[in-house]
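Novice: Chain by chain, the residues run as shown.
There are 2 protein chains.
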Amino acid sequence: GHYVIIGRGSSIPSCVSELTSAISSGEVELKPIVVVFPDEGERKKVELPEEVEVLIGDPTNPETLERAHVKEASYVILALEDDSKSVFTTLMVKRMSNAKVFVEALRGESLELLKGAGADRVILSRSLAGRLLASSVFEPEVVDVIDDLTTASGGYDITVLERRDLWGVPYVEAMKRLHGEGYFLLGYYKEKPVLNPVLNEEIPEGSKLIVIKPGSSSGKR
Amino acid sequence: GHYVIIGRGSSIPSCVSELTSAISSGEVELKPIVVVFPDEGERKKVELPEEVEVLIGDPTNPETLERAHVKEASYVILALEDDSKSVFTTLMVKRMSNAKVFVEALRGESLELLKGAGADRVILSRSLAGRLLASSVFEPEVVDVIDDLTTASGGYDITVLERRDLWGVPYVEAMKRLHGEGYFLLGYYKEKPVLNPVLNEEIPEGSKLIVIKPGSSSGKR
Ligand SMILES: [Ca+2]
Ligand SMILES: [Ca+2]
Numbered sequence: 001g002h003y004v005i006i007g008r009g010s011s012i013p014s015c016v017s018e019l020t021s022a023i024s025s026g027e028v029e030l031k032p033i034v035v036v037f038p039d040e041g042e043r044k045k046v047e048l049p050e051e052v053e054v055l056i057g058d059p060t061n062p063e064t065l066e067r068a069h070v071k072e073a074s075y076v077i078l079a080l081e082d083d084s085k086s087v088f089t090t091l092m093v094k095r096m097s098n099a100k101v102f103v104e105a106l107r108g109e110s111l112e113l114l115k116g117a118g119a120d121r122v123i124l125s126r127s128l129a130g131r132l133l134a135s136s137v138f139e140p141e142v143v144d145v146i147d148d149l150t151t152a153s154g155g156y157d158i159t160v161l162e163r164r165d166l167w168g169v170p171y172v173e174a175m176k177r178l179h180g181e182g183y184f185l186l187g188y189y190k191e192k193p194v195l196n197p198v199l200n201e202e203i204p205e206g207s208k209l210i211v212i213k214p215g216s217s218s219g220k221r
Numbered sequence: 001g002h003y004v005i006i007g008r009g010s011s012i013p014s015c016v017s018e019l020t021s022a023i024s025s026g027e028v029e030l031k032p033i034v035v036v037f038p039d040e041g042e043r044k045k046v047e048l049p050e051e052v053e054v055l056i057g058d059p060t061n062p063e064t065l066e067r068a069h070v071k072e073a074s075y076v077i078l079a080l081e082d083d084s085k086s087v088f089t090t091l092m093v094k095r096m097s098n099a100k101v102f103v104e105a106l107r108g109e110s111l112e113l114l115k116g117a118g119a120d121r122v123i124l125s126r127s128l129a130g131r132l133l134a135s136s137v138f139e140p141e142v143v144d145v146i147d148d149l150t151t152a153s154g155g156y157d158i159t160v161l162e163r164r165d166l167w168g169v170p171y172v173e174a175m176k177r178l179h180g181e182g183y184f185l186l187g188y189y190k191e192k193p194v195l196n197p198v199l200n201e202e203i204p205e206g207s208k209l210i211v212i213k214p215g216s217s218s219g220k221r
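So the sequences go chain by chain: A and B. Just so it is clear: in the first sequence, position 216 is 216 by the working numbering, and no numbers are missing. Just so it is clear: in the second sequence, position 43 is 43 by the working numbering, and no numbers are missing.
Here chain A stands alone, though its shape is the one from the complex:
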């Protein structure tokens, strides 16, 4: 299936650009991207790559979701700037499709409702912003690091590696080997992140490695 991205505001171009750059680097499968804006005004505010298909329609109208072929989609991403609409649309999408649904929510109180509606992941953009604004007061260095790790610009990126050759290897040994390749091992991921384990712990079979790597630093966004 394809990717459907529904919403308004600057979450949309940022999401599309991240997805297309992951497609062009081969990190994610090449599949069509369909973006749904609520009106022409929103569409005009945003410049999108020409391979992206654009539709206009009310996201809470089932007919809009049908036009975007949500039924066949693999992923549906909602950034509607309206949490009650997001809950409603999540319910509709989940009823008509097996797509994974990822939702941007504005209010922390919406988290449980969205999960209940079937959202596979909820990003609380504004809570995070509030937290980073406060941290800017008392630990600006942490905000700089998070800013760098979470954007394509700056000196560093965080990523995951699948390295079967390191399964069963003691953590400290894996750390050294990856350091030689320019990666900084943060931990491993098996169902959930385990950072900084005991140094002689063996990297578990089936896990992925979480690393920091030098960033592309191209300022592509």
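In case anyone wonders, no lab produced these hints; they're calculated from the structure. Hints are not guaranteed to be accurate.
A pair holds if it fits inside one copy or across any two, identical chains being indistinguishable in the list.
Claimed, not checked - In silico DMTMM-like links for lysine to aspartate or glutamate, alpha-carbon gap of 20 Å or less:
1. Lys31 to Glu139
2. Lys176 to Glu201
3. Lys213 to Asp147
4. Lys85 to Asp58
5. Lys115 to Asp144
6. Lys176 to Glu202
7. Lys208 to Glu139
8. Lys45 to Asp82
9. Lys213 to Asp144
Here the structure of chain A is known, so what remains is to put chain B with the ligands in place on it, guided by the hints.
Specialist: Structure of chain B with the ligands alone, referenced to chain A:
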């Protein structure tokens, strides 16, 4: 001076809660917090600790800023949900006060305007959300790690330490010592973050250390 937080929506309670918890843990100086909402409706949506002073007023009206004693403030945080208002208010605050100004912006295009107006830091909440939504498709593990590192919940937090005793010590040695104390050394900060330096590099004088520590995991937010 005091802290002035001006805006609407869920960035506000998240910012206040982060700041009050940093005050109560002694990470930041105890000073009054003043929150300015644009109207009674916004004020009612939010529950704030009772030691926070609340004002109602248009943030683009200089009289509102005077009532909040912005002139004497040390920090002014803006989360207005409107980037043109934020540019305007930043200019006004900077003209009447020496406060540091931290701003949540919704659109990437506002970044340069806000910096030009004198903002000391700009958080692009929705660009970050868009990026995390896209990353949820192809590297959900990374989103989990970032989610954990940027919220008080989960198993880990990122923080900075001032450890004069480690200045001049080779990086790998500092790493080992901190590991023994339960910290995971990510790098050091001197003007900008330097993560994962060469292992025999000495921690520079005057730098702070960036570490991951086990989280409070209290789910306090
Ligand atoms: Ca980066
Ligand atoms: Ca955490």
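Novice: Decide, hint by hint, whether the structure agrees.
Specialist: Against the structure, the hints come out as follows:
1. Lys31 to Glu139: between (41 Å within a copy, 16 Å between copies)
2. Lys176 to Glu201: The answer is both: 14 Å in one copy and 15 Å across copies each meet 20 Å.
3. Lys213 to Asp147: both (15 Å within a copy, 19 Å between copies)
4. Lys85 to Asp58: Answer is within; shortest intra-copy Cα gap is 10 Å, inter-copy 28 Å.
5. Lys115 to Asp144: between (31 Å within a copy, 16 Å between copies)
6. Lys176 to Glu202: both (14 Å within a copy, 18 Å between copies)
7. Lys208 to Glu139: between (30 Å within a copy, 11 Å between copies)
8. Lys45 to Asp82: So Lys45 and Asp82 pass the 20 Å test inside a copy (18 Å) and across (15 Å) alike.
9. Lys213 to Asp144: Both, since 16 Å and 17 Å are each at most 20 Å.
Hint violations for this structure: none, all hints satisfied.
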